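> Residue strings, one per chain:
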Amino acid sequence: MSDDDERRKNRYDFDRHTPEYRERFEEITAEMLGKCPVAWSETYGGHWVAAGHDEVFALARSSEYLSNDHDVHHERKGYQGITIPTPASEFQGGFLEMDPPGQRHYRQALNPYLSPAAVARWTPVVDDLVRACLDERIETGAIDFVDDLANVVPAVLTLAMLGVPLKNWSLYCEAVHASVYTRHDSPEIVKVRQDQMTMFRDMFAQLTDIRATPRPGMIDALARAEINGKTPPDLELLGVIALLIGGGFDTTTALTAHSLEWLSEHPAERARLSAERGTLLDSATEEFLRYFTPAPGDGRTISADCVIAGQEFKEGERLWLSWAMSNRDPAVFANPNSIDLARTGNRHHSFGLGIHRCIGSNVARMVFKRMLTEVLDRMPDFVCDPAGAVHYETIGVIQGMQHLPATFTPGPRVGDGLDATIARLQVICDEQRLAEPVTVRKDNAKITELGSWFGGEEGLGASEVRAVQHRAVVADRADAGVGGEQVDDLLGLGQLLGSGGEGRVDDVDLRGVDGEHTAEAGPADLLGSVPQAVGVAEVAVDGVDGGDLGRGRAEEAQAAGELVGEAVAAVGVAVLAGADRVREVFRAPAHRGQPGRAAVAADGEHALRRLRRQGDDAGRALLGAGRDLERGQVVVKPLDVGPAA
Amino acid sequence: MEVRVDPDRCQGHTRCAMIAPDLFQLDDIDGHSTVTIDGDVPAGLQAKAAEAVRSCPEQAISILGEPSA
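Going line by line, the protein sequences match chains S and R. As numbered in the working numbering, residues 1 to 645 make up the first sequence, in order. As numbered in the working numbering, residues 646 to 714 make up the second sequence, in order.
Among the hints, a few may not be true.
Stated by the list, open to error - Far from chain R by the CB rule (all over 10 Å, computed), these chain S residues: (1) R24; (2) E31; (3) D195; (4) F204; (5) E269; (6) N346; (7) H348; (8) H391; (9) Q426.
Said to hold, decoys possible - Straight-line alpha carbon distances no greater than 35 Å define the calculated DSBU-like cross-link-like pairs of lysine-lysine that follow: (10) S:K35 <-> S:K442; (11) S:K77 <-> S:K369; (12) S:K369 <-> S:K442; (13) S:K191 <-> S:K369; (14) S:K191 <-> R:K693; (15) S:K369 <-> S:K314; (16) S:K77 <-> S:K167; (17) R:K693 <-> S:K9; (18) S:K314 <-> R:K693.
Hint data in this document are derived by calculation from the structure and do not stem from the laboratory. These numbers were taken from a predicted model, which means no experiment stands behind them. Even glycine gets a Cβ: it sits at the ideal position worked out from N, Cα and C.
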């Protein structure tokens with residue numbers, strides 16, 4: 001027996017690119033974990049496969065003996081990077097196919113865009129995107145969670161962070177997904193390759209453009225980066241951009257789709273997760289990551305003879321580190337093939353280990369959690385259709401899904417559609433320079449800013465203002481007049497109303513803002529009782545003291561009932577904001593010793609449609625809304641909401 | 646008991662700060678973790694410290710000494 005045969009005596013015929021591997025994943029995994037946690041496989045020119053949790057841990061962290069290098073120009077040792085088998089196209093996959101120090105230089109350049117603090121700044125943008133995706137489908141009662149949500153949000157956000165125009169997202173999105181799920185021997189691959197070329201051309205155009213006229217984002221960081229003391233060639237930078245796009249797109253999509261599918265199959269667990277999200281969301285997210293392992297592993301090349309985890313390796317041998325299989329090791333995870341939303345001690349490997357830890361892990365978690373919770377809130381009874389669900393045929397590259405149709409009880413839209421939202425968010429990205437690194441810009445994105453809110457090419461647009469933001473504002477600003485610096489929402493409304501011309505703001509003037517608005521009776525309880533009430537009009541209502549309105553029309557309003565003045569503002573703003581139906585619940589301020597109230601404006605769609613046609617003039621539309629209210633053309637029903645106990 | 650993060654092992658997975666935000670803070674730029682409390686971990690946070698140890702994918706967190714009563 002030769003030395004090699006002796007070293008390779010633990011053997012397993014491992015081919016993760018076959019449909020059989022997907023179908024028999026648990027069986028194969030259990031077999032390898034039990035018999036050969038590190039095995040030699042003759043497939044693809046021969047390579048090691050590490051499946052055991054301890055073995056994968058020890059190997060992945062031994063970067064002194066492992067190389068990620070993909071030496072496409074044959075300048076070093078000719079290593080073949082992280083994909084097994086090596087793809088036909090000789091293209092370096094960014095810093096994931098590099099070793100230090102160059103790899104480290106790239107990560108140092110990009111970390112300030114992808115750290116937890118950097119990523120948190122984007123949360124309002126993600127929320128608005130998710131809201132728009134769900135609004136596109138919410139009235140129909142049917143959605144494809146892949147096509148309509150999980151493909152869209154990660155793609156748009158990734159482009160925003162790169163500094164690529166958001167409207168280009170579809171050009172990138174399908175090219176990336178199709179390249180993963182399309183079999184290389186199928187006729188469709190021609191079209192897929194064409195789409196990929198279009199994407200690469202756009203990437204190159206963006207790089208060139210940003211280099212000539214800098215704008216913030218990760219591409220800008222790459223264009224300015226010094227790697228190993230010099231500016232890298234464009235082709236290398238394109239590899240890095242492709243890595244960020246490939247890492248940002250399909251993986252989060254895969255995680256989200258699988259998790260939603262599982263939650264549909266386990267409605268009791270879904271209800272529990274929704275109800276206990278404060279304590280369960282983090283652990284559930286980690287458990288979905290462990291169980292589904294969207295990126296199932298990485299290849300390496302042994303860079304020096306070594307013995308790791310009791311196995312002898314020789315320089316030049318190839319190695320597959322299976323995060324997916326190590327995540328099912330019963331030595332670390334009790335009941336490894338079951339999902340336990342509250343699992344503890346969950347040190348899964350789904351983002352890799354060591355110096356190559358997924359640089360986008362913070363993005364993935366944030367985007368996943370926002371998509372999941374908004375679906376739980378707005379489509380709580382969704383049922384996925386098993387007949388329509390399409391899983392990737394093989395899971396060797398990404399354990400993904402192509403389609404996941406579902407049905408649910410329809411609900412009302414709360415804002416504008418995806419295209420309008422993307423156009424508006426582009427303005428916000430540009431104005432607020434959101435794609436700057438956290439070292440330059442520390443503040444969160446502000447979706448409520450006036451300039452972006454009612455500005456941009458789409459004109460009137462947003463209908464969502466985060467309740468939490470203005471709740472805090474109102475609670476904090478006892479006796480503050482209009483235009484207090486800290487009150488973006490109220491200021492925005494004040495200016496909006498003022499823009500209509502003199503005398504037109506009387507009935508919704510904000511000068512009577514009452515400092516007694518009880519914080520506990522805020523939108524939290526309102527949202528709790530009426531899940532869809534995220535209307536922009538809360539701004540107006542929270543900011544208006546119905547008992548202390550101004551002169552003129554306001555006095556009429558008061559005579560007609562205190563709520564009307566508030567509802568004028570509420571409905572008017574909702575109209576301007578493009579709400580299709582004014583079914584939102586608008587909270588009235590709670591005054592000293594009185595319960596909070598809300599107005600529900602309903603049955604006024606016809607009137608509102610007409611009003612919206614005049615919507616380019618904010619003040620006029622608002623006045624119109626008020627008139628219609630007073631004439632009873634928009635029915636306003638008072639409703640007790642009551643402060644929280 | 647005391648809790649420590651080995652800066653050479655930490656790779657910024659952020660699990661510790663998710664579990665025990667009062668014990669661990671993450672660097673703004675690379676998300677790597679440091680311990681916020683010098684010396685003894687308060688009794689109320691000891692269980693979370695232990696869970697952070699068990700959950701760290703890089704096994705970069707260690708506990709020194711015995712839990713206090």
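> Each hint needs a verdict: does it hold in this structure or not?
Do the hints match the structure? See the list:
The beta carbon of S:R24 sits about 27 Å from the closest Cβ of chain R, which is more than 10 Å, so the claim that it is off the interface holds. Every Cβ of chain R is farther than 10 Å from the Cβ of S:E31; the closest lies at roughly 25 Å, confirming the non-interface assignment. With a closest Cβ-Cβ approach of about 34 Å to chain R, S:D195 is found to remain outside the 10 Å limit, as its non-interface label requires. Every CB of chain R lies more than 10 Å from the CB of S:F204, the least distance being 29 Å, so the non-interface label holds.
Every Cβ of chain R is farther than 10 Å from the Cβ of S:E269; the closest lies at roughly 21 Å, confirming the non-interface assignment. The beta carbon of S:N346 is not kept farther than 10 Å from every beta carbon of chain R, the shortest such distance being approximately 6 Å. The claim that S:H348 lies off the interface is violated: its Cβ sits roughly 7 Å from the closest Cβ of chain R, which falls inside the 10 Å cut-off. The claim that S:H391 lies off the interface holds: its Cβ sits roughly 27 Å from the closest Cβ of chain R, which is beyond the 10 Å cut-off.
Every Cβ of chain R is farther than 10 Å from the Cβ of S:Q426; the closest lies at roughly 26 Å, confirming the non-interface assignment. Restraint check for S:K35 and S:K442: not satisfied, since their Cα atoms lie roughly 51 Å apart, outside the 35 Å limit. Taken as a hint, the S:K77 and S:K369 pair is broken in the structure, with Cα atoms around 42 Å apart against an allowance of 35 Å. Between the alpha carbons of S:K369 and S:K442 the distance comes to roughly 22 Å, so the proposed pair stays at or under 35 Å and holds.
This hinted pair checks out: S:K191 and S:K369 have alpha carbons roughly 33 Å apart, not beyond 35 Å. A C-alpha spacing of about 52 Å is found between S:K191 and R:K693, which places the hinted pair above 35 Å, so the restraint is violated. Annotation: proposed proximity of S:K369 to S:K314 is violated, straight-line Cα distance about 42 Å (limit 35 Å). Pair hint S:K77 plus S:K167 does not hold up; C-alpha atoms about 42 Å apart against a cutoff of 35 Å.
Using a Cα cut-off of 35 Å, the hinted pair R:K693 and S:K9 is violated, with the two alpha carbons roughly 43 Å apart. Between the alpha carbons of S:K314 and R:K693 the distance comes to roughly 42 Å, so the proposed pair goes past 35 Å and is violated.
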